[in-house]
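Place chain B on chain A using the hints.
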Amino acid sequence: MLRFLLRRLLVAIPTMFLVVTLAFFMMRAAPGSPFVNERQLSPEVEKAVMAKYGMDRPLAEQYFTYVKGVVLHGDLGPSLKYKDKSVGDILKENARVSAILGLSAILLASIVGVTLGVLAALRQNRSIDYATMALAIIGVCIPTFVTAPLLVLAFGSKLGWLPIAGWDETTIVLPIIGALPRLANIVLPVTVLALPQIAIISRLTRAGMIEVLRSNYIRTARAKGLPEWLIVRRHALRAAILPLVSYLGPACAGLLTGSLVVEKIFQLPGLGKFFVISALQRDYTVVMGMVIVYAALILVLNLIADLLLAALDPRVRLS
Amino acid sequence: MSVSAMIPGSPERAELLQNAVKGRSLWDDARRRLMRNKAAVAGMIILAIMVLLAIVGPFLAPFRYDTVTKTDVWLAPLQGGHLIGSDSLGRDLLARLFAGLGVSLLIGVVATSVSLVIGVVWGAVAGYVGGRVDEVMMRVVDTLYSLPFIFFVILLMVTFGRNFILIFLAIGAVEWLTMSRIVRGQTLSLKQKEFIEAARAAGLSPWQIISRHIVPNLLGPVVVYVTLTIPAVILAESFLSFLGLGVQPPMASLGTLIANGTQDMEPAPWLLIFPSVAMALTLMGFNFIGDGLRDALDPKDR
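Sequence order for the protein chains is A and B. All letters in the first sequence, in the order written, are residues 24 to 342 by the working numbering. All letters in the second sequence, in the order written, are residues 7 to 308 by the working numbering.
The hints are simulated quantities; they were obtained by calculation from the structure and are not laboratory data. Be a bit skeptical, because a hint or two may be false.
Simulated pairs of lysine to aspartate or glutamate, EDC-like, Cα-Cα distance not exceeding 16 Å [as the list claims (entries may be wrong)]: (1) A:LYS181 - B:ASP270; (2) B:LYS44 - B:ASP270; (3) A:LYS181 - B:GLU272; (4) A:LYS104 - A:GLU69; (5) A:LYS108 - A:ASP98; (6) B:LYS44 - B:ASP297.
Same shape as in the complex, but just chain A (with noise of 0.2 Å):
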């Protein structure tokens, strides 16, 4: 397990190496710069300012000074838009906000998903099936773009019982977290998230179930005699839900990291959008921050979900 570990790590630094280096230069590489879209720069100013930065200098050098910085120091550097704030501080602010989305949002579509996917298959056929298929269906059909907005016309325009958009936040602080957000605001853009979460973890588990169940040692277990609920929690569930571990990892990424859509209907302060301001105005060292925190938690997230699998799946082996 330790090797195995050690293994994929050493893998990992030639990737995000790879990942760094390339957003780098494609980054550069597009047209634009951080300063043109500000009041009219006098030649001499906008030198100045390039030489504040360092971008003055030839790409390569750059490159390396950006390199070594993020390495030896972990320093993102300063927002080029910002002023006086470094890439670090907006990622803390800005991540808190869609981790604390994202994460209520797995942990809903999860549970929901989950339970949903099992009464399914043991009720393979049946009215609450087919509910919940029809429910998967129009998950994955319906973007969130649209329910989005429905919900907020129904739910906050007409009926008047949610904010429509907006985040307050409430006096409970949690460490790491930091304080938490007013349930009514975030209740929308959660359920917008997990929805089509739901409709995936809910197929996923369904068929998982449905395979499993039909498999030798569940019927070695019901001819023990026992009780039904038992074989499901712990015999079939544990088989079942394999691929959606192997699903979760990027899912998880991709949620964590913030949904621009849901951001920006909600109003609410995280990281996709100000990721697309940030691509938008050119601020290197912001989008570059996003790349890196975006890639790390990729591999990491995968590499929980191998871990995971092999805890699960004695079949698996950590090679």
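Relative to chain A, chain B alone:
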């Protein structure tokens, strides 16, 4: 069997051939199973209607998609000759819906073709050649996977401008990664088969083996994945349009129509509802066919 039945073109032979038991290929089998799948057939019918509307619709609609009529702003369905209403500039929603449907379907098909070509070639070469080459090619795929989709797209957009054709290419160039992984996996197992060894023994070049023997045998999983990629691409385009990076006005796509619909949903809910329904039906059609094909081509379920 008489001797004359062996002579090509003789009436006896024609009769013999007619009475012979028809062999069923894998694809015949798959087609029969697909046709028995009600959801898949429904999906095909939905899509056929959508394609027909996208092609014929613009000629039947009483308005053009880009005609601005100042007096017709936000007309509800059936008013002023607008069958499903008009938008904030007084443009006919039906005409715009037909145009948008066509653009979205076109983007779906073209971008998927781009991803198909890149993905299949990349995956087949990596899987067949193996070794160091495979490792490097797959490392490239891993790296691209770790970059956020939107990062590529924004960079491509700002580099090449908001060009209609480039949206196709941009999305296609990002969507090929999963395809290449699937193809590589299949190629790895195909490579062990005897017929590949036979082809190699017969002196075929690697490129000939890949194009004549490997790729045709990959068709099953590739076809399934293609039918699932098209809706993903249509969604990706709408997503970009929603952010204002996709199709530019006065052109329409399902995504831009929905994006405009959300802005005006309070005074004119039909602007959101009709495009959303069209989008949901289109995606549903593709997904049904994709699922049906997967069941039909999956030998495990026989």
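Inset, instruction - Taking the numbered hints from earlier one at a time, note which ones the structure violates and give those numbers from smallest to largest. - result: 2
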